[in-house]
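A.B. asks: Single-letter residue listing:
There are 2 protein chains.
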Amino acid sequence: MIRVGIMGYGNLGRGVECALSKTKDMELVGIFSRRDPASITPHDANTPVYTMEAAIEMKDRIDVMILCGGSAKDLPEQTKEFAKYFNVVDSFDTHAKIPEHFANVDNSAKANNKIAVISAGWDPGMFSLNRLYASAILTSGNSYTFWGKGVSQGHSDAVRRIEGVKNAKQYTIPVEKALEAVRSGANPKLTTREKHTREVFVVAQDGADQEEIKRQIVTMPNYFDEYDTTVHFIDEETFLKEHSGIPHGGFVIHSGTTGWEDEHKHVIEYRLQLDSNPEFTSSVLVAYARAAYRMNQEGMSGAKTVFDIAPSYLHPLSSEELRKQML
Amino acid sequence: MIRVGIMGYGNLGRGVECALSKTKDMELVGIFSRRDPASITPHDANTPVYTMEAAIEMKDRIDVMILCGGSAKDLPEQTKEFAKYFNVVDSFDTHAKIPEHFANVDNSAKANNKIAVISAGWDPGMFSLNRLYASAILTSGNSYTFWGKGVSQGHSDAVRRIEGVKNAKQYTIPVEKALEAVRSGANPKLTTREKHTREVFVVAQDGADQEEIKRQIVTMPNYFDEYDTTVHFIDEETFLKEHSGIPHGGFVIHSGTTGWEDEHKHVIEYRLQLDSNPEFTSSVLVAYARAAYRMNQEGMSGAKTVFDIAPSYLHPLSSEELRKQML
Ligand SMILES: NC(=O)c1ccc[n+]([C@@H]2O[C@H](COP(=O)([O-])OP(=O)(O)OC[C@H]3O[C@@H](n4cnc5c(N)ncnc54)[C@H](OP(=O)(O)O)[C@@H]3O)[C@@H](O)[C@H]2O)c1
Ligand SMILES: NC(=O)c1ccc[n+]([C@@H]2O[C@H](COP(=O)([O-])OP(=O)(O)OC[C@H]3O[C@@H](n4cnc5c(N)ncnc54)[C@H](OP(=O)(O)O)[C@@H]3O)[C@@H](O)[C@H]2O)c1
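Line by line, the protein sequences are chains A and B. Taking this note's numbering, the leading residue of the first sequence gets 1, the next gets one more, and so forth. Taking this note's numbering, the leading residue of the second sequence gets 1001, the next gets one more, and so forth.
Where hints are given, some of them may not hold.
To be verified - Calculated cross-link-like contacts (lysine to any residue; reagent style SDA-like; alpha-carbon spacing at most 20 Å):
#1 K324(A) - T1094(B)
#2 K1059(B) - I1002(B)
#3 K1324(B) - K324(A)
What the hints assert, rightly or not - Coverage of chain A stretches by chain B, computed from C-beta distances (three or more under 8 Å per stretch; other residues unrestricted):
#4 26 to 40
#5 250 to 264
#6 306 to 320
Claimed, not checked - Derived coverage of chain A by chain B (criterion: at least 3 residues anywhere in the stretch with Cβ under 8 Å from a Cβ of chain B; other residues may be distant):
#7 112 to 126
#8 271 to 277
These are calculated hints, taken from the structure and not from any lab test. Cβ coordinates follow ideal geometry from the N, Cα and C atoms, glycine included.
All chains should be built: construct the whole structure from the sequences, respecting the hints.
C.D. replies: Quick look at the structure:
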């Protein structure tokens, strides 16, 4: 059994707890949090909850620590710190800061002979893998990434900060016409506005000025001004009934050509439709935790991304079984 | 520059020649064939053509030999033989015999410190990878593979052997309703007939009995009897104009659930639309040739499949650049 710890108990932390319960080769040792352990109720009441500080003393009882903190503030500190004591996996998704994060984590993981998988999930993660595979095969081609239909947490938060807004949810939606153009192999140049639209569902406070809320949303710099945005005002009951989930997904589509005259077109399309963004992401983290453990058992160390990890490390079946059943 | 040889000059051999011409880090040393070299005309008249026997003497001038022979008779002999002298890549696609082929090739590659990648292409190959990744992530789920719309060489050959048939092409087509059921996450049990239909275009000889040809096609055991098959008789001109290509493709769709009550559905879909089956397959072989060379440079040896190869080995960009541009 691979002994696993969960660091941070938010959406991903809860998702990892559930995903681990469905594996046969991994067991949950405990949940770790910066908050008072007594304030946290794991799904299984028998799962121990510890303070973050208690983790280090338990380093010999945990094979992999899955880091479920936020990318903005938690992971830049936590991953490099805990890679000193554990094999770790995180879902760091601030794309622009990945090189810096990788370098920091690589130093502490290498110095302590641990494996540290960073930026696992779906984007970065499975989408990145598909960008890489497709562009390695069809070198004369272009990759397009579309997100949605799904909930953008950051955009929903931004709307909630507007005066008069009680609750809000923002969906990012790929434009069907743009998808079709890409799939046709036309290699279109697409502006931000042409790729995605945004749809916002708002519960307004009693007596709030809806026109003013709408104006503030659609003109909000960086978040909405470059998009075609639709705003719907709904009542709280409808909001809770229809907009409580955290679905997401999207497309990576790569089109390219082969042949001496580039006469043959090829389209590679990868699509995710996820009822729960955090639960899917957690499932990816758990598979990469298995990989981290196995690679470390083979003597490897340092920071790794999904690009550096052979697929067979992720799967509970042996290489022989995989060749027989899936190749 | 990675120095590459092509063994066998059929559809894949020609595709590899073209794909290599589009790389910046690989060069074609020569084409090898069992046929008289004088009878073979490479696309670039400057490319030398040698006999198969001449290859072994050139072992220090070639880093990777791409084996483009047929799976039925050529590769079972050629891959294990040439893995003694070269890093090799093949597209062996007789699924049931992969374990045996792997074992044979592994022996000779390991004994000679070479890397031998077997069964690269799209199925086996990219489709296998997608089956593996998806089932490692969504462990409580099912993978479905659909082929087409595309040309099945074996089925076209079988029709051509019928008396009175001058030429024929067979297309395998996934059933839209089955695709939809799988995408919905319904986990349907599908019979052979429910998954694919077959469409055949036949040029009959003058005076041939079309009803009899049709009867022989749709009742042909193993090939057609378990499918709904449509047969079209067309003239030679139309055949050459509309059915000269070798398109193929298909879908790997995996649906699974997460959550304590399996309340969240997720669908992972990978789709290929290929104007040219052999040229796409060749592009995959070239990317894995790069991987074979790099892995061997790092001291690795033995038989490998797409499951055993970290994605970054496939891409001409460095790991740093990949993290920056694609993660
Ligand atoms: N790569 C990908 O595809 C992908 C996909 C989705 C998300 N992500 C990344 O995953 C990160 C985490 O996502 P998430 O949805 O799990 O975030 P979250 O629910 O906000 O949790 C983040 C951290 O906040 C703390 N926390 C949670 N609930 C709290 C509460 N009620 N009060 C105070 N603190 C609380 C927890 O740490 P403590 O227990 O220590 O307090 C938790 O680890 C995101 O920042 C995102 O960047 C990546
Ligand atoms: N994994 C995948 O996804 C995938 C996809 C597509 C194909 N494949 C596999 O790839 C294999 C090769 O496909 P292919 O389309 O390249 O087969 P092909 O055109 O029939 O070529 C196979 C071999 O036959 C010989 N040959 C070719 N043209 C000839 C001619 N005019 N006269 C006599 N011999 C000739 C060549 O060897 P010499 O030059 O030595 O004579 C060549 O290497 C297939 O058997 C299939 O199993 C795999």
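A.B. asks: Flag every earlier hint the structure violates by its number, smallest first.
C.D. replies: 3, 4
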